Structures are given as structure tokens and as C-alpha cells.
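Novice: Using the numbering used here, the final residue of the sequence shown is 96, and nothing's skipped along the way.
Hints in this document: simulated from the structure, not taken from any laboratory. Bear in mind the structure is a predicted one, so any value in this text is a computation, not a measurement. It is possible that part of the hints are untrue.
Stated by the list, open to error - Computed list of lysine-lysine pairs in PhoX-like fashion (alpha-carbon distance at most 20 Å, straight line):
#: 1; residue 1: K85; residue 2: K13
#: 2; residue 1: K39; residue 2: K13
#: 3; residue 1: K85; residue 2: K52
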Amino acid sequence: SSSPVGSIPDIVKQLSYLDTHNEWKWDKIIYAPFGHLLKARGLHCLNHLSLKWFQLSDLQDWLNTNFGMAINILEYTEEDLGLAKAGNLELPGFGA
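Turn these sequences into a full structure, and let the hints guide you.
Specialist: Below, the structure is given as C-alpha cells:
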């Protein structure tokens, strides 16, 4: 099922949100810069960040990061995309 474009968050907002989320900030990793790097590559919305469109190695190269970090980013964005499609994702400045 497809969701209205307005329900899919901006990739920069979502990755910045990870830096404030209690469940994910324990690892002390700063995710916000990754959102800007991805947006510069033309990936604007959360649904663009999918292995249906690229390989994990592509993401590693684009972000100059390791395999584990690339997996973290994909896992977190996949979870948030599911919440957004269900109308249950609340991002600062985005809403539910």
C-alpha cells in the first residue's frame, strides 16, 4: 500500500531525530551528518533509503562509513518508515 508523500519524513529530519531518541542515542553516534550526505546524493525522503534501490556497499561508500553503521542506519530508518506509514512517527517539526 502506498502512503501520501506528506506522511514520509525528510531524511535529514529523521537522521537528526536519531540523535535525540533515547532508544538510539546510547551508542553516542551522531547521525545528523549522514542525512545531509544522503540528501546531497538526491535521497530526500525516508523511503529512498532502501536496499531495493542500492547495495549496502553503496551506502558505505556514500557515507564513508563501515558495514555496521550502514546496517544501523538502514534498520533505524526502516523502523521509522514503518511507523510513518502507520501514522505513528512523531519527529520534532514533523508531527504524527
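Novice: So if I understand the rule, the pair passes when the alpha-carbon distance is 20 Å or less; does K85 with K13 pass?
Specialist: 16 Å, holds
Novice: Hinted pair, alpha-carbon criterion (20 Å max): K85, K52. Please report holds or violated.
Specialist: 17 Å, holds
Novice: Would you mind confirming whether the straight-line C-alpha gap from K39 to K13 stays at or under 20 Å?
Specialist: 11 Å, holds
When each numbered hint is compared with the structure, no violation occurs for any of them.
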